[in-house]
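Participant: Residue numbers (the working numbering), protein chains in the order written: chain P, 2 to 427; chain Z, 2 to 427; chain X, 2 to 427.
Treat the hints loosely; a few may be bogus.
Because identical chains cannot be distinguished in the list, a pair is counted as satisfied if it fits within a single copy or across any two copies.
[What the hints assert, rightly or not] In silico SDA-like cross-links for lysine to any residue, where the CA-CA straight-line distance does not exceed 25 Å:
{"no.": "1", "residue 1": "201", "residue 2": "92"}
{"no.": "2", "residue 1": "45", "residue 2": "254"}
{"no.": "3", "residue 1": "100", "residue 2": "84"}
{"no.": "4", "residue 1": "201", "residue 2": "382"}
{"no.": "5", "residue 1": "102", "residue 2": "355"}
Since the hints were made in silico from the structure, they are not lab data.
Here is how the chains run, residue by residue.
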Amino acid sequence: MGLTFRKYWIPALLSREIQGRDSAPVRVKILGEDFVAFRDSEGKPGVVQAHCPHRGAHLFFGRTEDCGIRCAYHGWHFTVEGECTDIPIATPEVAERMKPKARIRALHVREAGDVVWVHFGSQPLPELPDFEFAAVPAGHRYVSKKLQQCNWAQAVEGGLDTAHFSYLHAGISNGTKVGLHEAGPSTPSWTQHNEPERLKTFRWLVEDGAPRFQIVNHAAGMLICAARTADDDQLYYRMTQYLMPNHSLTPGNAPQDTALGNTWVPIDDHSCWVYCYAWHPERPINDEERSRLEAGSGLFPAMDESFTPVRRRENDYLISRERQRTHSFTGIHGISEQDQAIADSQGLIADRTNELLCQTDIGVVRFREMILNAAQEVENERVPRGVDAPHAYRVRSGDVVVPQQTPIAEVLESRFGEMWGHPLTT
Amino acid sequence: MGLTFRKYWIPALLSREIQGRDSAPVRVKILGEDFVAFRDSEGKPGVVQAHCPHRGAHLFFGRTEDCGIRCAYHGWHFTVEGECTDIPIATPEVAERMKPKARIRALHVREAGDVVWVHFGSQPLPELPDFEFAAVPAGHRYVSKKLQQCNWAQAVEGGLDTAHFSYLHAGISNGTKVGLHEAGPSTPSWTQHNEPERLKTFRWLVEDGAPRFQIVNHAAGMLICAARTADDDQLYYRMTQYLMPNHSLTPGNAPQDTALGNTWVPIDDHSCWVYCYAWHPERPINDEERSRLEAGSGLFPAMDESFTPVRRRENDYLISRERQRTHSFTGIHGISEQDQAIADSQGLIADRTNELLCQTDIGVVRFREMILNAAQEVENERVPRGVDAPHAYRVRSGDVVVPQQTPIAEVLESRFGEMWGHPLTT
Amino acid sequence: MGLTFRKYWIPALLSREIQGRDSAPVRVKILGEDFVAFRDSEGKPGVVQAHCPHRGAHLFFGRTEDCGIRCAYHGWHFTVEGECTDIPIATPEVAERMKPKARIRALHVREAGDVVWVHFGSQPLPELPDFEFAAVPAGHRYVSKKLQQCNWAQAVEGGLDTAHFSYLHAGISNGTKVGLHEAGPSTPSWTQHNEPERLKTFRWLVEDGAPRFQIVNHAAGMLICAARTADDDQLYYRMTQYLMPNHSLTPGNAPQDTALGNTWVPIDDHSCWVYCYAWHPERPINDEERSRLEAGSGLFPAMDESFTPVRRRENDYLISRERQRTHSFTGIHGISEQDQAIADSQGLIADRTNELLCQTDIGVVRFREMILNAAQEVENERVPRGVDAPHAYRVRSGDVVVPQQTPIAEVLESRFGEMWGHPLTT
């Protein structure tokens, strides 16, 4: 699976983690490998091997200067592309001879959507996936990341499992499960849905805890559509995008809402970074919204400055048994924290050998098929899904209410137009 | 040895760790296996598998309601017996079909002596061991537990090794080893023996550091009798009960004293819970005595609310070298802490390959023989000692002074009547 | 390599770690083995096996008394030589029979230079290496140790690599690398070289970052000589002693300066103690100098009472990126801390398979050859270099300025007289 990931562009860190020209170097671990990231004197980002090729000193302690990074041990200097440009400890002739051998590994780097993306492969590289959040003006988005303390795949599965919303994220009022909006003091502050029309959707989530699923594949992944009974004989559809190999767009937004997405990047087998995107296609995220997201709301947990959630594995997510009785299904504060708690609770790597899957797990099943199929493609030296279809990532997710019996094609058309996904050409 | 333990009833947690109806679930690890314990809406205790059979979410985050526990992820519901009673995410017909497959593992549970006991086996189950501490009125006992940071077996060996009392627990006065009572400020506050008659016993412990042992086997284990020279040509006997496979009753009490016992329950190979029992056959434990035990006294260490001793491996049991010179043999405060320190100090699992055993270690040797023999019995599909003799656990331990040359049978008769142990019938 | 180390005398702990008669026992771990060190009632130091031979209780909890250590469990007593002198739990006759079997392992111990040295081997033992720091009056030296959080060998390599001084320890002023002396507020307080003549040497270190090396072998190790261009067509030599198997004397001192040395003692494969020696051949270290060294200066870092540096692996040595831009090459405070950071950064055990060595690494290469050759000698049951030449350790290191083209023999003669090293006799 590591080889498969290395065919795709992957978020390595947030742009703001390396600020300004000659930024301080930071350690980055991706797919179990150690790197150092920094900006050079022109502000160009680089993600290079962690250790100096001379004697193995860690470049984290290096100096960013002279349009590159200089090892703190003996002053060897390297560019963001990995070229060795100075070996001051050798005589000039010897240095010239050694420099080509002293080239270091440098990942391919692009910056988009306030994220530094890397690619492990060699030329020719695919294009960056064409995410809408990265295409909108910077003021229209808020991007962050959070530490998840378990294997990436079960966390993705949580993101694709829209059925759990009827339980894990439910409120409790007078001893009964209720929509978030009715839960009084337990209502998460993050919700932007306080108009009466949106309140209904929360009620439908709780009233119909057994949604029916349809999956529509497309060139970059699939759209997972879950229908619940709404009022007046209508259906309430929540539609989640899964985009290969580790992205999702969340299903709970109407066209006029801020959209949300995630990317899960393995640090190692037992932890991952979850990149979180909030963006609005048509207007800026305003200061109040931005402050709320920074403080922790919805997909964005309260975190320390190392992007470690305040509520985490070590402290049982600060679960309150009292609030679990009276305010929310879990007693854990925050949608993000509830998701993280459940994913972590499945183990460092979830054991799938004894599951009892049912129809609402169809998205999870298809995710596993699709990712295993991609691994097979890579083994067969074929291009896995999505890599050569960057524009197929320009899709949307969200919810909609439609009459019963509406064909799924019409549901997608009515809600997304052409942005439901690009049809597979093969 | 794990299979052998699984033939016996084992303390899983204190009754008070799950309080009231629909208690908060707590994590329980026994013999390396993870469980969740809770009380249902009727107050009935359950100890069930940790992970939901659906997708593996941990039931610690579940909700106790509707006479069972409900998984926080998708609302599946299970009784204390492990029956799946609700799969709300499926249609009613599918749910009915799935429930039998969704049964979870539930240990057999009994409550006795303020302890929740579990049995791993299948029907027919043996009866609970008939401990006196569990049979007296609740007000006559005080029960707690403490974390021991090493393998269970060496901790049991410490409990059966009555010889070490002459050293490990001795006081120091003017540079000389003395009985606890003479040690002035180092006297542990726990002793109830402050009448002059009892003071002598402490002196005898120190004056005769090489006790002579006799072992009397019985249906549930053995009585380990250690004789020391007392005044006036008499013998001072201290007699410890070992009860299969992991219980002991301590040897230092006269008939009118509060009795004490322990059970060592493996958490994993490197740690165990030590259940601690204080009880009086004839009268309640009064408030002052109870407060003393709660604060830490004798077998009961000062602990935090997770039952982790304040003095522990990580902080060298707060040893004071100054007090080791002037007040006590170890410089460590508390009998319990002294015992825990020494057992831990033997290593996470004590290495027995290079021991130099002598006659005072006879109890340790017999313990090893008895427990290994039980493992052999289990391998041969026979019932190991004690399992089918629950009433043989209604025994006592304690001390007594007798004339030299008194036959051991008379010693037992004079001190315990018939409560020395049930003769083996085979 | 462990067998090779066991042929030499090794520092086990500082003399002051066990103070006075009947000192408190302390845990000592050397080459992965656990010991307990203490002083007996006569003040004689002992380093003995950690666990009592009776039942394996750790002797750290023992009592130092009666000219030996007494186990806290059952009172067995042992001398610093490992003799068992009391088994109070056995009858006298049995005890006499058991004592010879109860002998414990005791390392050979010598005290010199405020250090307790041990030897793992059997008689006949070599003599202690005849270090000058141990031969001067006690008031002429200051000795301490510090924890290094990586394998010993790469830390030694850092000590022998005099070339890095031009980079790792450089100051920064107005964005340019400068000698320590010009760096203003970043000047380490440790330097004793504040006279104008010495200032030049720091400038030469920075101006000539590619020193030329010559190595002179001798009976106890080698002298590593690095020449840099000085003013007026002269050469500035810095000469480091490497003494088998784990000692070095530093190169930066003139004859009138305090001399400095180090010994790296493996705790296990991933950490070592670095013993640090400062001494003056001709005069006492005065109180002000001593206070400075205690507080952390030069080779002596600021430490807690367990000899763990304040700046260490876990906190990135409190690196300041601001100070890295404006004051020093690393932004890490202190020469010792800079060295420790770089050695640690090479990994718990540095990977040498992909190095790009150049001419300035000649000392490192020769160290590896010499130590691997010693291991080969031990395998062939021959005495490795230095073991039978204790007086060959009475050497000095330091710097000197000489005219260009001065033969190395004359350089050594002019700076050290006969104290450059003892010629090899074979």
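Participant: For each hint given before, does the structure comply? Return the numbers of the non-compliant ones in rising order.
Facilitator: Failing hints, ascending: 2, 4.
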